[in-house]
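Residue numbers (the UniProt record's numbering), protein chains in the order written: chain Z, 1 to 336; chain H, 1 to 310.
Watch out, some of these pointers could steer you wrong.
Straight-line alpha carbon distances no greater than 25 Å define the calculated SDA-like cross-link-like pairs of lysine to any residue that follow [claimed, not checked]:
| hint | chain 1 | residue 1 | chain 2 | residue 2 |
| --- | --- | --- | --- | --- |
| 1 | Z | K178 | H | K75 |
| 2 | Z | K198 | Z | N170 |
| 3 | Z | K294 | H | L169 |
| 4 | Z | K331 | H | R138 |
| 5 | Z | K294 | H | A272 |
| 6 | H | K226 | H | M166 |
| 7 | Z | K178 | H | L169 |
Because the hints were derived from the structure by calculation, they are not lab data.
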Amino acid sequence: MAVDTSSQSVAKAAGDVARGRSRGTGKPETKLKRSLSTHWYAWAMVAPVTVVIAVIIGYPLFRGIYLSLTDANERNVARSIGVNEIPATYEFVGLDNYTEALTGDQFLGTLGWTLVWTVACVSVTFVLGLGLANMLNRRIAGRSFYRMLLILPWAVPGFVSVFAWRFLYNQDNGLLNKILAGGGIDAVPWLNDPTWAKFSVIAVNVWLGVPFMMVALLGGLQSIPGELYEAAEMDGASAWQRFRNITLPGLRSVSTTVILLSTIWTFNMFPVIFLLTRGGPGEATQILVTQAYKFAFEISPRDFAQSSTWGVLILVLLMLFAAVYRRVLRKQGEVW
Amino acid sequence: MGRADPRPVDALRRGLPASPPQAGRSLVTTAVNTSRRGRRSPLASVGLHATLIVASVIAVFPVLWVFLTSLKPAKYAITTDFVKETTLANYTDLLENTEFLTWFGNSLLIAGLTTVLGVFVSATTGYAVSRFRFPGKRGLMWTLLITQMFPVAVLIVPIYNIMATMGLLNQPVGLVVTYLTIAVPFCAWMMKGFFDTIPMEIDESGQVDGLTPFGTFWRLILPLAKPGIAVTAFYSFITAWGEVAYASAFMVGDENLTLAGGLQKFVNQYGAQWGPMAAASVLIAIPAALVFLFAQRHLVTGMSAGAVKG
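Given the sequences, and given the hints that come with them, work out the whole structure.
Listed below in structure tokens is the structure:
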């Protein structure tokens, strides 16, 4: 990890200078003017991104929130057919969609599986990634070769890998079942039985996620000074004690980051579920994101309001999670 | 981790008698914390290698299997033979009888435009956020972070409706604009991480020489940040290249699909055409994988640098 702390302090120092300059004592107008003259460079430089975010993220976001408060669907939104403009006829319904989602079974059921899916994927991925990173961090013949092979799943575009797995999982002709048949075991309905499908999608997502975890943690391991281990070893610490008291604390900042990132990614992992099972069989593997997609694009008439409602709820959940996570870290003295 | 950034720890360690400087070894290798005193028993060595071999096989096998399948005649696609009558028929079939090249072109155009626009727009922001302290900076940083959390589900419906009213569905432009919602926050965030690794003294020397902040950025910092920009560009390219949800919802009709949508055709519509699908997978994956393996070291560095420093 090139987490190079010197530039952090430099940036901070630079910031202090800038802040010192802008510390005005005059009247509000002069303050504004002074702040404008001090900061206009910075503001001009962030302007393009601010504009882009406001126009293509901010506006759709507010429209999405608005749609979630209406009964918009395919038949009543504004659309143009040829040269004819058909105006929108949907109506404002207040929080009806939210009460419906939160009191009905469907949202809560999907949320339950989404949480299981996220926790299972992230924890298994983290443990495997940590294990492999530790092995690759030892002096061992062929290390860079192993590393290269282990990274491969990350290098292949996700949707390609997912199709490769679908090929392997194929019930009648897939390789996995043919191998099982060779051992005299009945074919497993990998993607057609609710329980097996859940297992299968988690397996694929873990397979996809381990390389990132491994590389990130390997970077973290390499930044732990070796003297710590030498000292501990001289003091007679066992391998497990060294792992618990040096490795894990040394990996703190890397692992908190990767856990946060991969939790968010997994929670929103659209392609794996969508391409592997389409949420099926039934709705067994449907996570919140794929279900929201289904409302808007796979059922008829397309239910835009319900989809937006689920989208907003997903966002709220993730932001709550990030806030809580951050607070917990801060309580433990982590600066983030 | 990068060679351009030797931390004091490495220098210190390399000077220690316990770790003799190893000629011909890269910094990355010497920075590894092997326990030098505790020799591994042969049994432990065997166990270590066995575990790594099993893990490598699991990592590589699905990809390798698809590659081998692509070389078999389509009728043998689902046999368990590793190699059977090797042929390139799947590839010629794919290129001649499907719209693969069109999809490839669409993906290339869309991902390329997204990358160029995304990087172009966000470079200055990454720099400003890395160097200046200004009112609104915290808010901007939070916005950049939170938008990366946006599930596809929040924006997809409103963007779809907006595109529908503007007649941009099924148009590459529509998808490019949509992908910018992913690329811009990400690029800005990652570039901040890279600019942070460039010493402040360079900016100061620019100012001493009378350059404006824009001049410093343009003439001194940007050239130094080239590797970082390349990695950011590459990463946003890969993200757009592999995006599935927007592409599946916004593009219909064979000639408008991107690769992610096109590949779905092989499995859904015509029953499972595993042969051409395998060939298509290989053609999509090999170039991406090669570049990726070349760039990945820097990817993690950039991401975690940005994330950790917030």
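Hint check results:
1. K178/Z x K75/H: Holds, at about 16 Å.
2. K198/Z x N170/Z: Holds - the C-alpha atoms of N170/Z and K198/Z are around 15 Å apart, at most 25 Å.
3. K294/Z x L169/H: Given that 25 Å is the threshold and the Cα spacing comes to 18 Å, the pair holds.
4. K331/Z x R138/H: holds (21 Å)
5. K294/Z x A272/H: holds (23 Å)
6. K226/H x M166/H: violated (37 Å)
7. K178/Z x L169/H: Outside the cut-off at roughly 43 Å; violated.
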